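> The hints should help you fit chain C onto chain B, whose structure is shown.
Number of protein chains: 2
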Amino acid sequence: MRELEERIRREGIVENGDVLKVDAFLNHQMDVGLFAAMGKEWARLFAGEGVNKVLTIEASGIGIACIAAQEFGVPVVFAKKSRTKNIAGDVYKVEVPSFTHGGVSTVIVSKRFLLPTDRLLLIDDFLANGAALEGLIALAEQAGAVVVGAGIAVEKAFQPGGERIRQKGVRVESLARIRSMEAGRIEFC
Amino acid sequence: MRELEERIRREGIVENGDVLKVDAFLNHQMDVGLFAAMGKEWARLFAGEGVNKVLTIEASGIGIACIAAQEFGVPVVFAKKSRTKNIAGDVYKVEVPSFTHGGVSTVIVSKRFLLPTDRLLLIDDFLANGAALEGLIALAEQAGAVVVGAGIAVEKAFQPGGERIRQKGVRVESLARIRSMEAGRIEFC
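Chains as they are written, first to last, in this note's numbering: chain B, 1050 to 1238; chain C, 1050 to 1238.
Here are some chain B residues pointing at chain C (derived, C-beta under 7 Å):
1) 1108
2) 1111
3) 1116
4) 1124
5) 1125
6) 1159
Pairs of lysine-lysine, DSS-like flavour, derived with a Cα cap of 27 Å:
7) 1130(B) to 1160(B)
8) 1070(B) to 1142(C)
9) 1130(B) to 1142(C)
10) 1070(B) to 1130(C)
11) 1070(C) to 1142(B)
12) 1130(C) to 1130(B)
13) 1160(C) to 1130(B)
14) 1160(B) to 1070(C)
15) 1089(C) to 1089(B)
16) 1070(B) to 1160(C)
17) 1130(B) to 1070(C)
FYI, nobody ran anything at the bench for these hints, they're computed from the structure.
Just so we're clear, the structure is a prediction, and the values are computed from it rather than from any experiment.
Idealized CB from N, CA, C, for every residue including glycine.
One chain only, chain B, in its complex shape (with noise of 0.2 Å):
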């Protein structure tokens, strides 16, 4: 998506050779126009899947999440991250590792918000090593519902979990590929 490839060409920084701050637009202060565009072009790309809820993570997927649920006209469910392994309730969890901060979460989400009868559309900010998109397919799997996709904002298309998840079979829809950031110039793919 041209809009979003210019906008990381114009205000990404690269830092320490394979960390990608674009959190002037995107995971810290965010442009819900762009957010918007984001949203139309997920609703283009997923049209007639039936698409009836929107699944992401805390915290930087939920602004991306909730203005493209409004393009499908769909409610958003965010799974929540935990530091706490005891988790209270009627919860599917999943243990996942953060690259940002170390450490491992336990991420929930309640079972009354995810049913056999749902086709989610998984968004998330950002794809590296698929982690948190991992743990989110793996709690729609708990529940039984069907993953329509994954509507990614930016994809490090250098590092392995794109691939690992479309070879599961899972549709991966990226609005910018990075191939390099080497020598802290961006090319996409």
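For chain C alone, kept in the frame of chain B given last:
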């Protein structure tokens, strides 16, 4: 706001006397159509105030804030919670106690995204003891930004936060104000 009150009456669950669960439509599963109606109401209430940015706090404020911000045509910044006291980089920060989870979070915003020229609308899902909202006000003060006011979805008016923050001169517009929840029965102001 009648639509929100009716929804709370129909789907809100009172637990342990003073906990109100609205996770079916507000802060776990999220009804983005309801959020758009809430955003329109805040846009009406704060019309002409020159709001140029929405400031919220992760995680459950983010969805509401993003959809409300569309009505104002402005970006959103969300303050991030961290359990780490050693935060790297150029950030404003404040300590915020958590009544839900216990303990204290360090809440941060990058200095790049809060400016002395900003006229901020603060958005959050709940106002009870006021700790989170006071944290956002403190971050705005550090930046020298103007707080135009706060848009809250659900205020527990029987807890002291709203009263204390209004006494400081901050305009607080809560779309549903709960006077009492005795015996599980929700009464609005």
